[in-house]
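*Asks:* Going line by line, the protein sequences match chains A and B. Residue numbering for the first sequence follows my numbering, starting at 1 and increasing by one per position. Residue numbering for the second sequence follows my numbering, starting at 1001 and increasing by one per position.
Warning: the hint list may mix true and false statements.
Subject to a maximum C-alpha distance of 25 Å in a straight line, what follows is the list of computed BS3-like cross-link-like pairs (lysine-lysine) [to be verified]:
no., chain 1, residue 1, chain 2, residue 2
1, A, Lys-142, B, Lys-1142
2, B, Lys-1091, A, Lys-91
3, B, Lys-1091, A, Lys-110
No lab work stands behind these hints, which were simulated from the structure alone. Nothing here was measured: the structure is a model prediction, and the numbers come from that model.
What follows is the residue order along each chain.
Protein chains: 2
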Amino acid sequence: MALIVQKYGGTSVSSTERIKNVAQRVARFKAQGHQVVVVVSAMSGETNRLIGLAKGIQSNPDPRELDVLVATGEQVTIALLSMALMEMGLKAKSYTGAQVRILTDDAHTKARILSIDEENLRRDLNAGHVVVVAGFQGVDEKGNITTLGRGGSDTTGVALAAALKADECQIYTDVDGVYTTDPRIVPEARKLKTITFEEMLEMASLGSKVLQIRSVEFAGKYKVKLRVLSSFEEEGEGTLITFEEEAMEQPIISGIAFNRDEAKVTVLGVPDRPGIAYAILGPVADANIDVDMIIQNVGADSTTDFTFTVHRNEFTKALGILKTVQGSIGAREVKGDDKIAKVSLVGVGMRSHSGIASSMFKTLAAEGINIQMISTSEIKISVVIDEKYLELAVRVLHKAFDLEQAA
Amino acid sequence: MALIVQKYGGTSVSSTERIKNVAQRVARFKAQGHQVVVVVSAMSGETNRLIGLAKGIQSNPDPRELDVLVATGEQVTIALLSMALMEMGLKAKSYTGAQVRILTDDAHTKARILSIDEENLRRDLNAGHVVVVAGFQGVDEKGNITTLGRGGSDTTGVALAAALKADECQIYTDVDGVYTTDPRIVPEARKLKTITFEEMLEMASLGSKVLQIRSVEFAGKYKVKLRVLSSFEEEGEGTLITFEEEAMEQPIISGIAFNRDEAKVTVLGVPDRPGIAYAILGPVADANIDVDMIIQNVGADSTTDFTFTVHRNEFTKALGILKTVQGSIGAREVKGDDKIAKVSLVGVGMRSHSGIASSMFKTLAAEGINIQMISTSEIKISVVIDEKYLELAVRVLHKAFDLEQAA
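Here chain A stands alone, though its shape is the one from the complex (with noise of 0.2 Å):
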């Protein structure tokens, strides 16, 4: 007998009939004896709907109202699971966020987990009901509403595993588990039974919008079991997302993860000076715009290159604001590039594997591809490329590190 928590997302509960699917799915878990708590988001759809009448009234909601009004999306949802359950003559009971007490900062719409009493959610499980629980919520020690921010309801499941101490805890999806690349794209890509934490992170936070980052970080931080597998199959045992002692024998690479969301500026002929670096990016920090790589090459002539990349939507107004500093920073061009796309190739192999990034260097350069910008880290290996070739790229890259290929 296990302690199982399952969180079901917005497209698995979207209608009366698939919330019936999902407690079938729950009954045959009981079934096995185990114990079950059930993490739901809110019907698909609804937490929209809502924000819409929000923004009907007030054009920038105020975030404490914003909270009460969203958190009723996941209130239905336990409702009508605990519902779905009872029908089928299972014992079942629903909790809000603030009913289970899982108590959060302050910091309405994008609230962080503090603790969770997770006592009376044990005494209804040794009771032998099944736990229904309304994700992406919570409440603040004054007792307000509180929500987690987009995709919270995965935070939830994790932190209810850890909290419990769960046997395992699994996120069901509308895929059936991490793939070593966009399946879109090279159809050869491969379900991974296994992958690691630092893995997951390094693809989740490149595109492969899988799991909630946040999440992943909370079941690595607790040492949660987290496993994705889809809610629309009754076989398959998708992917689970191991510590890296866990794993018997790591391949070399794990997957490709790949986004066409940035854009790069870059910063010509600067003095090459101290304090440069934050003469430039101050600025852009300052007017709340996000950097993702940077990259800076000293020249000849004791001046330096800088170029770094933000978010696609925020390319006008940071080489806006360069080209504002230009003149005080002594930088000879200011110029950008919104058509680039970055490919990402991640294993915790390649730590003890060299040669991983002359191999990624030689098969795009035997295409043609040019590489505009390099960033490496223990696990991972980031170039930005032409966004045209970002196709061709991940292609060629899946098959000369053999992805398709069981390791």
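Following the hints, position chain B against chain A.
*Replies:* Okay, now just chain B, sitting in the frame of chain A:
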């Protein structure tokens, strides 16, 4: 400066536009220097939509989970109204029933209020906030969400007014006050400036569906000054519900109530012996059928005739029960009629005036309307007549008692 509790029903908050209108009305009271607590219902149609979802899953939804579900309706409205008030530059704060801590018993879907913590509300009011409270809902001692049953938002308004010792509780609805009778039947029906609690209770229970009867009882018990107003008119003072001792001079008759929801069952020729009423009504009560009027007449031949009325929906069931017990109670015949209507004169003034009943009977006789049953209380005379004479009876009585004239 006064402290006013205002309650707005579902049609008053049925769209974001109407919610903005409510905010404007609240703002006018604030501008006059008053402190305002607003109690709101769910947007009209929302409660039925949620119940529809529940019934798509459980034909007889679990009461605890049904309360979790439908309580979201008012939660949506409090958030939206608070936003609308802020958009007008006012300070506002929403409270669910649980956040106020409107403590109720644990009778899900028909809970009763036990106590209200008014401390936080008072602190917010003193800090200049408009306090917006979800009607219809509370929380039991264990933290379960409860609801007060349909129309319970009126009760929430009155209970808050009592707890806060408010100067007035204003119930905004889609009618502009209490009338002498239904204006759809008697166009000359007149809006009453005042009506006593006792009269209001008789009017409400008889079918003048302006206020939920529980809220009127509550207001009477806690001496809350209650006023019924239209939420769709700018002007107008509505109808004030007074305590009898405040009323200067009461008219003899305040209004005429009626309903056609009832049916009558008659048991003829029952042996006239002790225990016979119980033998007849016991099986009906056991079947959870509510009985309204009961009349027993002793006949000449040591038998008695027994007639009672039930809701028309339960007529067939009640008749069936009586036919099965007919033999054991020794009745000659059991028959029924579901084409009846009840018409009632209501007025505290009739206590000190004789001859009201005979005037009523004379008026009906002059129109050839036969009276089938009569029942009287201190401030009410009810007759049961053939349903087809209902409108005629109400019109001639309204005229005979000069109700179109202001008292």
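*Asks:* Can you confirm whether the C-alpha distance between Lys-1091/B and Lys-110/A stays at or below 25 Å?
*Replies:* holds, 23 Å
*Asks:* Tell me if the straight-line CA distance from Lys-1091/B to Lys-91/A falls inside 25 Å.
*Replies:* Cα-Cα ~44 Å, so violated.
*Asks:* Hint check: Lys-142/A vs Lys-1142/B, CA-CA at most 25 Å. Holds or violated?
*Replies:* Since the Cα atoms of Lys-142/A and Lys-1142/B sit roughly 19 Å apart, the hinted pair holds (cutoff 25 Å).
Hint compliance for this structure: hint 2 is the single one not met.
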